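Engineer: From first to last, the protein sequence lines stand for chains A and B.
Convert by adding 16 to the 1-based position in the first sequence; the result is the number in my numbering.
Convert by adding 16 to the 1-based position in the second sequence; the result is the number in my numbering.
Check before you lean on any hint, since a few could be wrong.
Which copy? The list can't say, so a pair holds if one copy fits it or any two copies do.
In silico SDA-like pairs for lysine to any residue, Cα to Cα no more than 20 angstroms straight-line [to be verified]: (1) 99 to 452; (2) 414 to 477; (3) 318 to 261; (4) 418 to 346; (5) 418 to 391; (6) 414 to 505; (7) 99 to 461; (8) 266 to 200.
Bear in mind the hints are in silico, worked out from the structure with no lab data behind them.
Everything numeric in this text was worked out from a predicted model, so none of it was measured.
2 protein chains.
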Amino acid sequence: MLQDRIRLPALLDKVMSPAEAALLIRDGMTVGMSGFTRAGDAKAVPLALAERAATEPFGITLITGASLGNGIDEVLTRSHVLKRRLPFQSDRVLRAALNRGEVMFIDQHLSETVELLRSRQMGPIDVAVVEATAITREGGIIPTTSVGNSATFAILAEKVIIELNIGQPAELEGLHDIYIPTRRPHREPIPVVAPDSRVGLPFIPIDPAKIAAIVVTERQDSSAETTAPDAETQAIAGHLIEFLSHEVRKGRLTNQLAPLQAGIGSIANAVLHGLIDSPFHDLTMYSEVLQDSTFELFDAGKLAFASGSSITLSAACQARVMPELRNYKSRLVLRPQEVSNHPEVLRRLGVIAINTALECDIYGNVNSTHVGGTHMMNGIGGSGDFARNAYMGIFVTKSLAKDGAISRIVPMVPHVDHNEHDVDVVVTENGLADLRGLAPRERAEVIIANCTHPSYRELAADYYRRAVRDHGGQTPHLLAEAYSWHLRQEATGSMLPAAE
Amino acid sequence: MLQDRIRLPALLDKVMSPAEAALLIRDGMTVGMSGFTRAGDAKAVPLALAERAATEPFGITLITGASLGNGIDEVLTRSHVLKRRLPFQSDRVLRAALNRGEVMFIDQHLSETVELLRSRQMGPIDVAVVEATAITREGGIIPTTSVGNSATFAILAEKVIIELNIGQPAELEGLHDIYIPTRRPHREPIPVVAPDSRVGLPFIPIDPAKIAAIVVTERQDSSAETTAPDAETQAIAGHLIEFLSHEVRKGRLTNQLAPLQAGIGSIANAVLHGLIDSPFHDLTMYSEVLQDSTFELFDAGKLAFASGSSITLSAACQARVMPELRNYKSRLVLRPQEVSNHPEVLRRLGVIAINTALECDIYGNVNSTHVGGTHMMNGIGGSGDFARNAYMGIFVTKSLAKDGAISRIVPMVPHVDHNEHDVDVVVTENGLADLRGLAPRERAEVIIANCTHPSYRELAADYYRRAVRDHGGQTPHLLAEAYSWHLRQEATGSMLPAAE
Chain A
17 MLQDRIRLPA LLDKVMSPAE AALLIRDGMT VGMSGFTRAG DAKAVPLALA
67 ERAATEPFGI TLITGASLGN GIDEVLTRSH VLKRRLPFQS DRVLRAALNR
117 GEVMFIDQHL SETVELLRSR QMGPIDVAVV EATAITREGG IIPTTSVGNS
167 ATFAILAEKV IIELNIGQPA ELEGLHDIYI PTRRPHREPI PVVAPDSRVG
217 LPFIPIDPAK IAAIVVTERQ DSSAETTAPD AETQAIAGHL IEFLSHEVRK
267 GRLTNQLAPL QAGIGSIANA VLHGLIDSPF HDLTMYSEVL QDSTFELFDA
317 GKLAFASGSS ITLSAACQAR VMPELRNYKS RLVLRPQEVS NHPEVLRRLG
367 VIAINTALEC DIYGNVNSTH VGGTHMMNGI GGSGDFARNA YMGIFVTKSL
417 AKDGAISRIV PMVPHVDHNE HDVDVVVTEN GLADLRGLAP RERAEVIIAN
467 CTHPSYRELA ADYYRRAVRD HGGQTPHLLA EAYSWHLRQE ATGSMLPAAE
Chain B
17 MLQDRIRLPA LLDKVMSPAE AALLIRDGMT VGMSGFTRAG DAKAVPLALA
67 ERAATEPFGI TLITGASLGN GIDEVLTRSH VLKRRLPFQS DRVLRAALNR
117 GEVMFIDQHL SETVELLRSR QMGPIDVAVV EATAITREGG IIPTTSVGNS
167 ATFAILAEKV IIELNIGQPA ELEGLHDIYI PTRRPHREPI PVVAPDSRVG
217 LPFIPIDPAK IAAIVVTERQ DSSAETTAPD AETQAIAGHL IEFLSHEVRK
267 GRLTNQLAPL QAGIGSIANA VLHGLIDSPF HDLTMYSEVL QDSTFELFDA
317 GKLAFASGSS ITLSAACQAR VMPELRNYKS RLVLRPQEVS NHPEVLRRLG
367 VIAINTALEC DIYGNVNSTH VGGTHMMNGI GGSGDFARNA YMGIFVTKSL
417 AKDGAISRIV PMVPHVDHNE HDVDVVVTEN GLADLRGLAP RERAEVIIAN
467 CTHPSYRELA ADYYRRAVRD HGGQTPHLLA EAYSWHLRQE ATGSMLPAAE
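The shape of chain A in the complex, shown without the other chains (with noise of 0.2 angstroms):
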């Protein structure tokens, strides 16, 4: 029955088809939208504006969450719709496009949207269009699978469509925690103090005048895509949970550790997963995606909370998981991103952040987003949110890609997403790199000792030694091949050098 899921009546009179809905939107809009890494994005609206477009071309500026599933980035570029597009996206459509400067991409610190966008150094907000799993007699929009930057952009919008999606089970309703920052100059701290604390409300206050639209669907979330852990990343794993060990038996962590975060990808996931046959118990995540490694680790009886923004899951673990929800429950919060990657609660909580680097540099400087130092993979995303102010930044990265002829260790990364003040771990399979408290000329020996792969170790430990002798200084380098390796695979399609 609709009146489950519309539980306000003067609103049933507002469901109407994505066609219609998406007239709401014209040329010119900002438009935020729901999603946050495939979870809980607007599904029907975004395509029926692409479907308009055919026949009548316009642009919008797109915000959401973070990226979007369903091929709803690929649908908007294909049709020309995008113009602007900020703070994530993950598309390969897209990003082709953006990389050709044809769609603007504004790529940016997860948590920081919605203050531009609150203090209207952006903006403003025309139409938000928010996937809901039901809206509360007052008029409140309980959100599905992620939060996302949703309450904001409703809250803020002049019109709101929502896509009531019947497709997602009714259990998600008490899951989220939708807290709002108070309004400067009056801002009073973020209560959380833990990942378990829950400081505001099951759904997203708006004045139900705004609702201007309602599109029921069912179309589910697209999963996440899953590789499953390797020789290579579980040597990661393992070097991790040794060193957290080591820290442990040094009496800096208990074996409870601290709220962690990882972000998205193989290698991260594979660092959770390792975490089942870890000594540690009674583990919390105060993260932004929760992925099939949580459900594991809490099926594993390892983990006792998780706080996060969306829930992004395979096929296989969607399936297991999402008809058990009410199992899952108590441990699980869903947060506004702003909360969930807020500087004042992960510096708050001190969390271990676990990030996945593209490059690092022998000095610890990470490249995050840009292939050869121009063009853009997905974005930041809130690993500098997490990096900055976490207990400890650590970033993980294979040693190789293309079969060896990519170092991931290189002299000078061409795009410094995080430097060298905020990445205190670097692990690659071949081990890790303690940072902390070390210059930057002892932070390139480790690095280039203990992370390297063997086969560029000594071409990297050359061109430190150069830069010390030749030129020196805090951060030696040698400017004038400092992108050697860059540009030796570009010519050539290997970083190394043609054998002699």
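Dock chain B against chain A, hints included.
Structural biologist: Structure of chain B alone, referenced to chain A:
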């Protein structure tokens, strides 16, 4: 009377000479000393250490708040006492030594040092040396012109040496607000909700049994070296004030603006000085260093309150303000640098952060520290704490240096302290680039057009055009010539090509 300043009678026995006190510091120790931007530094014990090293070679790790005055870093470097140094310095002799790799310098965000010490990821602190105005009846330490990291040093150290500076005005008592975050995992929100919040104690609470020595001094703080505003710095101030006025007209700010932070240096000082004749009023500062301009703004009736971690003044301003301190005291507070620079508080207050760039690239990445990408100038200081968490992160620089041989706007910075994500506005004497909500290609166009000096503008535009045409991407670059300007300057003395 010494009893007025040492109010716990049992401690009078601990008074000794600097040389005797310095004997508590032995080879291999980690020493935490007071001092933040030349204010409130320990002045006698470090000099006694250097003297002892002439006959008895030994080395220490020295951690301070920020930079020291009185030639202390120079003397400790020359005497080879300094082996490791963090988190900031600004001394010519030390700078040369660390760039030769003789002293290991760890450049840190100023808010983070004590977090690392408290969680034992660095340290332990063997001895703290803290300058004090007085010692309370309970053995509490009343700091002098800075708080810096002194509170946590004294709390964590095994032994504490106090430099009781009877040359510092007794009226400093009551100026300080010592708040230490509670221990994880039970850390509470920091209750600072406005620049004038007082949330702690007016002294550093420690067990008086740890006070191992008291040294009486009366040496003055080194005065700040100030440069009078010139045509360029005045132009920068003018652009910025016009921009802030525009923000007020747009309704995004009121004439009170937002709490202001300004880094050290002649440009930031000129900008604050420029506010005297602006339409803004009832301003507040939430900054780290309070400089001459703070008191000029008080005297002009423009400033309602200023929070910082130190007071660093020119000789003239020192002579004028210090005897009149009681007239300013109710409008001033000095905090530990982890509170003045805390991400939690900065994000809550919504600070306008104005810091100086050493150079900035066409995409708005900022190098604050490394000359030529390799040689340390001073350190990142608090600029990262502020820029990342600010309502608005503004970077200022003159567009030229060395009579035009160096452009401060370059194709790619060879060291990144603040990346595009944290740099909202760039200002040179040529103009202002408002980068909020812009994609990198848009950022490049406005930075090149507005900020680059005319003598480099076409050169920068040509690089950018060719990068777009020949390479493309989200952030177009030509890696083979990204540092060609820096290399040309190294080779020929100028970034400009030889005239044809």
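Engineer: Evaluate residue 318 and residue 261 at a C-alpha cut-off of 20 angstroms and name the case that applies: within, between, both or neither.
Structural biologist: Cα proximity of residue 318 and residue 261: one copy only (15 angstroms, versus 55 angstroms across).
Engineer: When no copy is specified for residue 418 and residue 346, does a C-alpha distance of 20 angstroms or less occur within a copy, between copies, both, or neither?
Structural biologist: Neither: 43 angstroms inside a chain and 64 angstroms across chains, both beyond 20 angstroms.
Engineer: How would you label the pair residue 99, residue 461 (within, between, both, or neither) given a Cα cut-off of 20 angstroms?
Structural biologist: So residue 99 and residue 461 pass the 20 angstroms test across copies only (18 angstroms; inside, 45 angstroms).
Engineer: Between copies, within a copy, both or neither: which fits residue 266 and residue 200 at Cα up to 20 angstroms?
Structural biologist: between (42 angstroms within a copy, 17 angstroms between copies)
Engineer: With identical chains, the pair residue 414 and residue 505 could be close in the same copy or across copies; at 20 angstroms between alpha carbons, which is it: within, between, both, or neither?
Structural biologist: within (18 angstroms within a copy, 37 angstroms between copies)
Engineer: With identical chains treated as interchangeable, where does the CA-CA distance between residue 418 and residue 391 reach 20 angstroms or less: within a copy, between copies, both, or neither?
Structural biologist: within (17 angstroms within a copy, 34 angstroms between copies)
Engineer: 20 angstroms Cα cut-off: does residue 99 pair with residue 452 within a copy, between copies, both or neither?
Structural biologist: Only across copies: residue 99 and residue 452 sit 17 angstroms apart there, 43 angstroms inside one copy, limit 20 angstroms.
Engineer: From the Cα coordinates, with 20 angstroms as the cut-off, is the pair residue 414 and residue 477 best called within, between, both, or neither?
Structural biologist: within (19 angstroms within a copy, 37 angstroms between copies)
The earlier numbered hint that this structure contradicts is number 4, and it is the only one.
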